[in-house]
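Peer 1: Spelled out, the chains give:
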Amino acid sequence: DSGVTQTPKHLITATGQRVTLRCSPRSGDLSVYWYQQSLDQGLQFLIQYYNGEERAKGNILERFSAQQFPDLHSELNLSSLELGDSALYFCASSVEGVAGVGGTDTQYFGPGTRLTVL
Amino acid sequence: TQLLEQSPQFLSIQEGENLTVYCNSSSVFSSLQWYRQEPGEGPVLLVTVVTGGEVKKLKRLTFQFGDARKDSSLHITAAQPGDTGLYLCAGVPGTYKYIFGTGTRLKVLA
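Just so you know, the sequences run in chain order A and B.
Each residue of the first sequence is one higher than the one before, starting from 24 at the first, in this note's numbering.
Each residue of the second sequence is one higher than the one before, starting from 41 at the first, in this note's numbering.
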């Protein structure tokens, strides 16, 4: 157990709909990262927040948005869903928000939310 | 676009064999990480390498960062069924963005 929680575990919805994925970081971690993992695209970095502020943006579609709240939990909103959005969505957290840079900060991944768009 | 290509894509070996997984890019990374992911779970960090030419060992796993910081390898000695999983390399190009490799799916047969 990494200490990162994600809800829901599974989500099935229809094209055109909107969903919200929730992530609670490990206690003490200030940064949250969102990733999408699909069979054909692998693990793609979407966006990172640090202490409520957006820090870095990856390959996140305009239909997707995220935020980090004062209690440090984060939500990823996916709208106008398409079949191709079906994937595993992972949240990770780290203390300093510099995971991998210099090697001292570590990302801990949650168990993921499996989104199926029908 | 920065890419990390991993090879092989799939690997099925017998318990006790040795194997090497490669992670290659044409770009330079400030650091490179290796993760292992098991079905139904998120990736778990194995190691971070920062210095070109660096070698790190974690029990039966040996990780190497290329001198030019563009590539890395993961060598497993005497593989065990517990090593089965998806191995991912991830590069940090120095701008708080994280590029993950295409993945190597390893199966170790008892």
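Where hints are given, some of them may not hold.
As the list claims (entries may be wrong) - With a straight-line Cα cutoff of 20 angstroms, these simulated DMTMM-like cross-link-like pairs (lysine to aspartate or glutamate) come out: (1) B:K110 to A:E76; (2) B:K137 to A:E105; (3) A:K32 to B:E81; (4) B:K110 to B:E94; (5) B:K137 to A:D94; (6) B:K137 to A:D24; (7) A:K80 to A:D24; (8) B:K97 to A:E77; (9) A:K32 to B:E78; (10) B:K137 to A:E77; (11) B:K96 to A:E119; (12) B:K147 to B:E81.
Keep in mind the hints are simulated off the structure, nothing from the lab.
All values derive from a computational prediction rather than experimental measurement.
Peer 1: Looking at the structure, which of the earlier hints fail to hold?
Peer 2: 1, 2, 5, 6, 7, 8 and 11
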